[in-house]
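Chains as they are written, first to last, in the working numbering: chain A, 1 to 111; chain B, 1 to 112.
There's no promise every hint is true.
Label pairs and their computed distance ranges (CB to CB) [claimed, not checked]:
#1 Pro70/B / Gly16/A: 49 to 55 angstroms
#2 Gln14/A / Asp62/B: 47 to 53 angstroms
#3 Glu75/B / Gly16/A: 42 to 48 angstroms
#4 Asn79/B / Ser52/A: 42 to 48 angstroms
#5 Gly29/A / Lys13/B: 38 to 44 angstroms
#6 Gly29/A / Val38/B: 27 to 33 angstroms
#7 Pro8/A / His18/B: 49 to 55 angstroms
#8 Asp39/A / Gln17/B: 28 to 34 angstroms
#9 Ile12/B / Ala53/A: 42 to 48 angstroms
No lab work stands behind these hints, which were simulated from the structure alone. Bear in mind the structure is a predicted one, so any value in this text is a computation, not a measurement. Where is the CB? At the ideal position from N, CA and C, for every residue including glycine.
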Amino acid sequence: EDQVTQSPEALRLQEGESSSLNCSYTVSGLRGLFWYRQDPGKGPEFLFTLYSAGEEKEKERLKATLTKKESFLHITAPKPEDSATYLCAVPTLAAGNKLTFGGGTRVLVKP
Amino acid sequence: DAGVTQSPTHLIKTRGQHVTLRCSPISGHKSVSWYQQVLGQGPQFIFQYYEKEERGRGNFPDRFSARQFPNYSSELNVNALLLGDSALYLCASSLPRETPLHFGNGTRLTVT
Chain A
1 EDQVTQSPEA LRLQEGESSS LNCSYTVSGL RGLFWYRQDP GKGPEFLFTL
51 YSAGEEKEKE RLKATLTKKE SFLHITAPKP EDSATYLCAV PTLAAGNKLT
101 FGGGTRVLVK P
Chain B
1 DAGVTQSPTH LIKTRGQHVT LRCSPISGHK SVSWYQQVLG QGPQFIFQYY
51 EKEERGRGNF PDRFSARQFP NYSSELNVNA LLLGDSALYL CASSLPRETP
101 LHFGNGTRLT VT
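This is chain B alone, in the form it adopts within the complex (with noise of 0.2 angstroms):
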């Protein structure tokens, strides 16, 4: 079975651009999270989405959104980057309740 799948590995944007990032979880799996790891740091918690709702939101600006679609895909929109959204963003997908997420390889986005 396929895990989760991430879009585009690798992304240069400038300040002030905007980005999407986009995930495909593992097939049956409903809940889609995003994360955002920064170099030598533990993953942070950006958003939940179960069966397209939000069901959860980490402490990041309204700069960062997404949502997740019918077939559970998800994209992640950051608007107006700053060179401190450089970083890697992971997404993961899990059964529900507190059982193991499944991370993709992620996306790692260079601001310059």
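One chain only, chain A, in its complex shape (with noise of 0.2 angstroms):
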């Protein structure tokens, strides 16, 4: 069964302070990982899309790379708009286009 594993739970930045969250994935023929924002009482809002080990797609202050076995979320610089919960996910190939979600890291950036 694919499994996806977010590190940390939550992180707390000052702003300017940069940093990067992992997610590490288990599932039988990648066939893309998801990132996504979600802000509180929201739905989660699509980021990126990898698809290969190597890839790199930036928006901003946000970076997403993508190895065989985990990707990073890079934030750089991070501003107070950047807390929000960060979201990454997998397509699983049973099940239509079914994503299975880690539990996310929550991150606060403190003025």
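With the hints as a guide, bring both chains together as one complex.
See the structure below:
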């Protein structure tokens, strides 16, 4: 069964203090890895799709990278508006377009 | 373009009651999925429908059912509500196959 584990569970950063979030996965044949951002009381907002090891995607202060066993979401010089829960997910071969999510990393950026 | 819309946004029900949640996908998206998100956890897959047919089902009891209509909107039904059904229910739509899911803002269900 596909498994996704995210670490740390929570991260407190000072504004401008760069850090990385980890997403490790066990899947039978990777068909992509998705990163989402979720604000309190809202649905997850799509950020990136990564398909192969070595691939990188960037958006503003966020950069996602992928290896054969894990993905990292790097937050460079974060601002308070980057505070959110970041979720990673992998599609499962069976069951249509089902996504298996990790538990998320709650990021709080203090000014 | 409008995103995925869900109704109602909040709902309070009593144990044993029935609930129906509704979802309208992004225009042009024929696939709709439902997820349950308990506070502090990642979303858990409940169902996926494509072209009005069930294409996937998660590890949820038969009290949970869903359907998709000809206009691709969808309903999630939960019977005999339990306290543990309290959660944020998310609907997502997508184009076929391995494409990103686009989520609505969910229905917050509280069972008392």
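Here is how each hint holds up against the structure:
Between Pro70/B and Gly16/A the beta carbons are some 52 angstroms apart, a value that agrees with the proposed interval 49 to 55 angstroms. As the Cβ distance of Gln14/A to Asp62/B is approximately 49 angstroms, the hint placing it in 47 to 53 angstroms holds. Range check, Glu75/B to Gly16/A: Cβ separation about 47 angstroms, and the 42 to 48 angstroms hint holds. As the Cβ distance of Asn79/B to Ser52/A is approximately 43 angstroms, the hint placing it in 42 to 48 angstroms holds.
About 40 angstroms separates the C-beta atoms of Gly29/A and Lys13/B, a value consistent with the hinted range of 38 to 44 angstroms. Evaluation of the 27 to 33 angstroms hint for Gly29/A and Val38/B yields a pass: the beta carbon distance comes to about 28 angstroms. Between Pro8/A and His18/B the beta carbon distance is about 40 angstroms. The supplied range of 49 to 55 angstroms is therefore violated. In this structure the supplied range 28 to 34 angstroms holds for Asp39/A paired with Gln17/B, their Cβ-Cβ distance being about 30 angstroms.
The hinted window of 42 to 48 angstroms between Ile12/B and Ala53/A holds, with their beta carbons roughly 47 angstroms apart.
The structure does not agree with numbered hint 7 stated previously, though it agrees with all others.
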